[in-house]
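Chemist: This is what each chain is made of:
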Amino acid sequence: MEENGSRAGRSEEEVLDAIEERRRRPRRKLLDERITLSHGAGGKSSHDLVEALFLRELRNPLLEPLTDSAVLTDGARRQAFTTDSFVVRPLFFPGGDIGELAVNGTVNDLAMAGARPIALSAGFIVAEGLAVDDLDRIVTSMGRAAEAAGVSVATGDTKVVERGKADGLYINTSGVGAIEHDQDLGPDSIRPGDRVIVSGPIGDHGMAIMVARGELALEVDLESDTAPLNDLVATLLGATGGVRCLRDPTRGGVATVLAELALSGEVGISIDEASLPIRPEVTGACEILGIDPLYVANEGKLIAVVAPEAEEDALAALRSHPLGAEAAVIAEVRPDPPGLVLLETSFGGSRVVDMLAGDPLPRIC
Amino acid sequence: MRFVDEYRSGDLARSLAEKITGLVEPGRTYKLMEVCGGHTHAIYKHGVEDLLPDEIELVHGPGCPVCVIPMGRQDDAIAIAERPEVIFTTFGDMMRVPATSGSLLDAKARGADVRMVYSPLDALKIARENPDREVVFFAIGFETTTPSTALTLTRARAEGVRNFSVFCNHVTIIPAIRAILDSPDLRLDGFIGPGHVSTVIGLRPYRFIAGDYTKPVVVSGFEPLDVLQGAYMILRQLVDGRTEVENQYSRVVREEGNPLALRAIAETMELRTTFEWRGLGFISQSALRLRPEYAEWDAEVRFEVPGVRVADPKACQCGEVLKGVIKPWECKVFGTACTPDHPIGTCMVSSEGACAAYYNYGRHAGRRRRETAPTA
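Those protein sequence lines, which keep their order, are chains A and B. To convert, note that position 339 of the first sequence is 338 in numbering that gives the first Met the number 0; the numbers rise steadily by one, no gaps. To convert, note that position 55 of the second sequence is 54 in numbering that gives the first Met the number 0; the numbers rise steadily by one, no gaps.
None of these hints come from the bench; they were simulated from the model. Wrong hints could be hidden among the right ones.
Chain B regions said to be covered by chain A (calculated; three or more residues, Cβ under 8 angstroms) [stated by the list, open to error]:
#, stretch
1, 6-14
2, 48-60
3, 67-80
4, 93-106
5, 324-333
Only part of the chain A face toward chain B is listed, based on derived beta-carbon distances under 8 angstroms [to be verified]:
#, residue
6, Glu179
7, Leu339
8, Asp353
No experiment lies behind these values; they were computed from the predicted model shown. Idealized CB from N, CA, C, for every residue including glycine.
Model the full assembly from the supplied sequences, consistent with the hints where possible.
Modeler: Take a look at the structure:
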């Protein structure tokens, strides 16, 4: 599209088609001079950074699908391999702490490949001055989380940096898992007619953290949903062969996951707003802050895209598990418009749901 | 959720939409301007246009506080923020507004201490906690946000917090509406009046619109049913041949506004002779500055700011969008060079900006409406 020409004489459709066509093209060059917080928010800027820098320089067939885990193949044996870093503030929050999150986050990335987690690594970057008691509590809770997920922390590393150079503690975990099913999970498998299921209420983790920071003068009784999803995934995959793709809607929330699936699966996705499971506390806090719960992070939920004929079995399997008791169908895959997620509002209208641009910042009035 | 769901009921919306369609004169088009960005946001977020008959066109107005700040003021803000002694506090939306050399977010990445706050009182708190730093609050917004700045100023003075100051960019809605009415580019049939501004200023200031310009005004709330009912009340006036200022948002807005809030503003601020608005140019007596008694808390007095008028980027058509002369998609850089992640103009930054609302929420709805409409 010309950038300085006029749009006079062109219809809205023509202009929008050109915009969508351009939007679907991967970003080749990063437009920013410096890294800003937006690049870490899990939305559009993060996506651009990965495509325009990391993928450009490190491109290989294992990395290229840009899924939660890479799949390593050795003869008939398939393994999932993943890594994740945890920089959450505060270190302790209602429903969990950074240690539990670091274990569950990596376990869940493996689980989204349908893998049984085998072993984790744990790297600690500790700031000088951190209370040993705090570190003790965090590592104890990592141990508990690893046991609950049935995984061992097999190797680790510790670095200490000067006071003020890290915010207390950062943790990196990597993980390997065994893929013991033969289903081909991934956005390429998604077909029009497929159903999108979420395993429970959305937005708990992100809002619990925002409230726990204590900057908002909001008192809401909310806990992070951090949980290991490997057992839930095993239950689901054991119940039906109709699962197309699994994702955990962490940073960027359900909206970003669905936008990514629509783009990479080249399908349209239509969300029914009335069907979205959201706790009233999350709805209330989001209303006050002007944040859309669709963009708020989850740490114990999964999105499953399933074949239409598998809907009932998948729902029943998820609901039979304590972590999926409130599972619900929230969307349907459509042939059109490719690459775009639409939401049918409870009010009777419709709107686009795009990847998040920038931080989920509150409106000001 | 109580007190929210009631105003988003699909059933009520459908029956109201039918009543609106019943009032529409076939063949006539109605251009209704929603003045406030909060309305624009609600319209696209809930798909309100999907329920309106084709004859009604909603025109987005200038009432987005982020959108109307001209580039030069944003440059001034960044100049203050980059001073080493300053902690610069701002509402989140302003962090991403592009200035001559990047946004406040970029300035932060270069090392400036820029912090997001939810209220000016948070900024004052930061000042108390950092007595060796200069804490500046980037005050923007219409009469909705001005009272909270005013109260913060009186508190700073009462408590003697001397390392706190306000970079005041508060604007007033009435001169902007008058500028739109005087603009030859646009013919409007009525106004969906701003709800939250009116909680402060009341209904009286809008009378000239109904009187001198003979256009209906219906001050409306921000839930989608409020907007729909506002549109219905405007149409009702047009059908009855009335032009009045009516109050759809009576659960919040009072005829006389909020005298306490108005007094707080009057005590701390006064009208500027003139102020530049993005896209609308200089409008006389359209913005506020701190009174001389508050000079000590006035960032423009305390710090040297460039104060240079900077023209918008050539490609940017925010001005025409703000005046409702063009639709967001008609701007030549909309969606291509200018997107929410790399905005050129302010309208693409704020969630209340017409371009951001249309890009993020609305860019497919119009097409779908036309595709599903029965062919004649």
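Chemist: Give a verdict on every hint.
Modeler: Status of each hint after checking the structure:
no.: 1; hint: 6-14; verdict: holds (count 5)
no.: 2; hint: 48-60; verdict: holds (count 3)
no.: 3; hint: 67-80; verdict: violated (count 0)
no.: 4; hint: 93-106; verdict: holds (count 5)
no.: 5; hint: 324-333; verdict: holds (count 7)
no.: 6; hint: Glu179; verdict: violated (40 angstroms)
no.: 7; hint: Leu339; verdict: holds (6 angstroms)
no.: 8; hint: Asp353; verdict: holds (6 angstroms)
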